[in-house]
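Those protein sequences? They're chains V and B, same order as listed. Positions 1 to 540 (UniProt numbering) are the ones given, in order, by the first sequence. Positions 1 to 540 (UniProt numbering) are the ones given, in order, by the second sequence.
It is possible that some hints are incorrect.
Identical copies look the same in the list; a pair holds intra-copy or inter-copy alike.
[Claimed, not checked] Derived pair list, reagent style DSSO-like, types lysine-lysine, alpha-carbon separation capped at 27 angstroms: (1) 352 x 246; (2) 375 x 164; (3) 133 x 489; (4) 375 x 47; (5) 164 x 532.
Honestly, the hints are just simulated from the structure, not real lab data. These figures come from a predicted structure and were not determined experimentally.
There are 2 protein chains.
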Amino acid sequence: MLGQMQQAPLLLTDILRHALRNSADQEIVTRLVEGGMHRYTFADAGKRIAQLAHALTDMGIGMGDRVGVIGWNTHRQLELYYALAGIGAVCHTINPRLGPENAGYVMAHAGDKAVFYDATFAPLAAGLAPHLKSVEHYVEMCPEGQVTEVPIETQSYEALIAGKAEEYDWPTFDENTACAMCYTSGTTGKPKGVLYSHRSLVLQCIVSALPNSLGCEQGDVCLPVVPMFHVNAWGVPYTALLLGMKLVMPGPGLDGPSLHELIVKEEVTYALGVPTVWQGLLAHVEGNNLDFGKLKYSLIGGSALSEQLIRGYDKYGVKCRQGWGMTEMSPLGTINVEPEGFYDLPIEERVKRQIKQGPAVPFVDMRIVDKEGTKLAHDGEAEGHLQVRGPWIIDTYYGFEENALTKDGWFDTGDVAVIHPDGVMQITDRAKDVIKSGGEWISSIDIENAALNHPAVMQAAALGMHHPKWDERPLLVIQLKPGQEADFKEVQEFVNKQLPKISAVDDVQVVDEIPLGATGKVLKTKLREHFKDYTLPTAA
Amino acid sequence: MLGQMQQAPLLLTDILRHALRNSADQEIVTRLVEGGMHRYTFADAGKRIAQLAHALTDMGIGMGDRVGVIGWNTHRQLELYYALAGIGAVCHTINPRLGPENAGYVMAHAGDKAVFYDATFAPLAAGLAPHLKSVEHYVEMCPEGQVTEVPIETQSYEALIAGKAEEYDWPTFDENTACAMCYTSGTTGKPKGVLYSHRSLVLQCIVSALPNSLGCEQGDVCLPVVPMFHVNAWGVPYTALLLGMKLVMPGPGLDGPSLHELIVKEEVTYALGVPTVWQGLLAHVEGNNLDFGKLKYSLIGGSALSEQLIRGYDKYGVKCRQGWGMTEMSPLGTINVEPEGFYDLPIEERVKRQIKQGPAVPFVDMRIVDKEGTKLAHDGEAEGHLQVRGPWIIDTYYGFEENALTKDGWFDTGDVAVIHPDGVMQITDRAKDVIKSGGEWISSIDIENAALNHPAVMQAAALGMHHPKWDERPLLVIQLKPGQEADFKEVQEFVNKQLPKISAVDDVQVVDEIPLGATGKVLKTKLREHFKDYTLPTAA
Ligand SMILES: Nc1ncnc2c1ncn2[C@@H]1O[C@H](COP(=O)(O)OP(=O)(O)OP(=O)(O)O)[C@@H](O)[C@H]1O
Ligand SMILES: Nc1ncnc2c1ncn2[C@@H]1O[C@H](COP(=O)(O)OP(=O)(O)OP(=O)(O)O)[C@@H](O)[C@H]1O
Ligand SMILES: [Mg+2]
Ligand SMILES: [Mg+2]
């Protein structure tokens, strides 16, 4: 027997409508690509989103069309998010740091019909244009008359929307309609496309807005440092409107000084981003004797949050919350919201929990399995392949015939994890990066965390290197902080003291720069190439 | 084009699973019907819910079967909520205060296959049994060996579940499957059945858990005084598990002293109920020089929250939040969460907002229309019939052929309201109770609020009485506080001073007791009967 309630689809338009109705006067502040700041209200945004929807419709863009966006976090990209979704089109955000080859690949693969780009990326767009058959329109997200001179036919965003009607009669359609698209960051191969639906993003938005998920509160001012091309800036452009929070968009200014200025001036209380960004910001604040203004929380995810970062921010009263997710998960999987009374504990106790990835949010199911796919216990001991399922988790990659799931319907994350009895999940590694020593698995994250605790270490990466007896043994690669020197032996001792014997690193090597991928993650593939002729001293 | 995310149904089982995984040690405390207190953890509840599901299955109850429940808010009823929904059956909660005739009517109408009742309601159940053809099983929610002697075949709940397996392999099914059922309180006619789906209750649960809806926070201890037979206790049995909040169940103790004891001993921070309950509790605390312990919020809905109640609780530092909803809305429509900085305002300013019903929660759409169905402005001036739509709003009453909606898909609430430009909605009356004076509408809620401000007034009801010139003019009926006396003329002056001239009451009458309906609302139908031969002095 079915219930007899209304069949109202869950659409992103409902979030916009709610924001306009209940928080019309709330502010969105943007550091502009063209220089200066831009401020307006949700109500103003609503009008421009309607104008943009009219412009898109006039360009012949409609249901199911993919539109590429290569840009910084700005109010204009926010407008694209809502206008495209609102008319049933698909906002395909492109990570410019992927490099022209990969960017061109994903745009061709997605079959983008139009491309919106920031001035910064005009050369990238223009360079790709000759190879992109599907693209009919190019638009630079800039003021009228300020289009960067490039050898393609293009127009300015502001001219495009100027004069259009400020209301749009948003259509209603199936909540499973596609609305956004993002390719994985390609750290482990060619990027693969994930096609989000209204339903999946609305649900992940509501759930991430719960007090025991992101934990945003009334009056929070939200700064998504995480790019809008990195899994929809983790959904913040939706969550902020749902909760009526002031939204601060950093534009191209992702360096320490720019972010710091924004946090202090705009009274940011809740910021989100990957560890490398938080590292840069912390160094700036420490180096210049500054503070973090009203910042209360930084949500950190995308790669592991280190003890060193937690301690660094703790000194300033900023609480680091770790989140774990994936492009394939929209991205929300776990958030390590502190249990009640957590901040009464001493920091030594707290870091132990904070370096874990956290408990799953509602409606996300997690399990760990062994090589054969047998379910392992959630006892904090067993380590296995982490698999997930839920309403905002991928079924099938874009353009693939077969789904991406196990026979019994779970998605294998490619991560290796332990699940504790209280539901808290802890990633020990990517399956590809796990160091296999004498039949046991060594966590490279544990080693890297230990290394980052060293005052001279800026970046760290542990690699499993061939060993004749143990199969693999860990090599620690470090990048030093500018102007710092370090004694390899001393670093090795410092690190090994913190680790169980089996995880003790066999050697330490320094490189000038540990290569980072398009989303600020260590590129172990590149690093492995660099060390392909290296032999561990213990293996000689 | 459809998105390519997993098609995971939204089921109440997911909320239970989440609670067991992330908050296994959280507590549920119940004042037992059989006397004494009962405490256990979410983990314990999970086991008993599984046991109950096995027992129900063994009784032949399955997908689509309706099971009647006549009981107080207890852990056993909570178990029924989840076990019935989990196996795809329908939990039909019955309001015992409806009286035997109405209770029998709704049970027969629903076609309940089994009935679970508390000892208090054994006579009611036994009395109805001969008339209920569909019921195959009676279960008293009591310990083994303590079944009340009644002339029907019955068994004890504890014996029923004893020894069953403590795990249940919950099935997966369409999220639109029915899971719960509630009849309207019948203040305006025969009760009508509303059949909730998993989808509708899950969505209303997540949305009510948002920080700008109920506004519960980590560490809150939740007391649903609102009965579980009154629109699922406004969803609290779901929300508490979703957020991992300690849940305190008042059982049959809804009087001031019992509630007060529970609030203080169990350190309740967030309580929910109808105004009459809050009135009783306040009188008890005031009369005995007590305080409210750790209580921070009382969410008040079901009928209008009065200024007098807001002020009464404000003195004790307890914040009154008004909610508005209906059985047909699962019930959540609006919650008047205070904007930022609200509590910096003086009380005079605050009450003006707090007596309003509040802004709509996300995904609920509201509009006001005139008699002809033309949409009216949300300008804080225009007053019209309030209509709603959204994913947890009724489509069709149980057993009806035609849907309950307007031609363009809205549900008419039967309420008359104003919507302010900031989205805040204010009920002025039920359409049936509106006082029509010379072509204008007078709000009976305004008059009642003004009357309740009088120190001697306990309950108030405004009725539109026939008037030869104006069509109708307001009569104010009051019930005095115990031991209080009042001069009619003085009350009339006191009230009229607070009202616009057109709303000034033409007369005041005192009754011993204003009749309340099954959910603590003034029964105007009864009151009108009482005054059917009365003539206004101004009409003579
Ligand atoms: N808090 C975290 N701690 C550790 N690892 C994390 C955390 N958050 C995310 N990750 C890692 O990032 C991955 C998801 O990243 P994303 O979807 O951006 O692309 P990618 O996996 O880096 O790229 P590709 O799949 O193309 O190789 C996770 O599978 C996990 O390995
Ligand atoms: N905060 C509130 N302020 C004023 N009225 C309220 C409030 N909350 C609920 N109500 C009234 O209660 C009604 C919903 O109550 P409910 O669904 O319990 O049954 P009922 O309408 O009283 O019964 P029936 O529909 O059978 O007559 C609303 O339509 C509204 O009139
Ligand atoms: Mg990946
Ligand atoms: Mg009603």
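Hints and how they fare:
1. 352 x 246: Close across copies (26 angstroms), not inside one copy (32 angstroms); limit 27 angstroms.
2. 375 x 164: Between. Shortest inter-copy distance 25 angstroms satisfies the 27 angstroms Cα cut-off; intra-copy 57 angstroms does not.
3. 133 x 489: neither (56 angstroms within a copy, 85 angstroms between copies)
4. 375 x 47: Intra 51 angstroms, inter 21 angstroms, cutoff 27 angstroms: inter-copy only.
5. 164 x 532: Close neither inside one copy (58 angstroms) nor across copies (60 angstroms); limit 27 angstroms.
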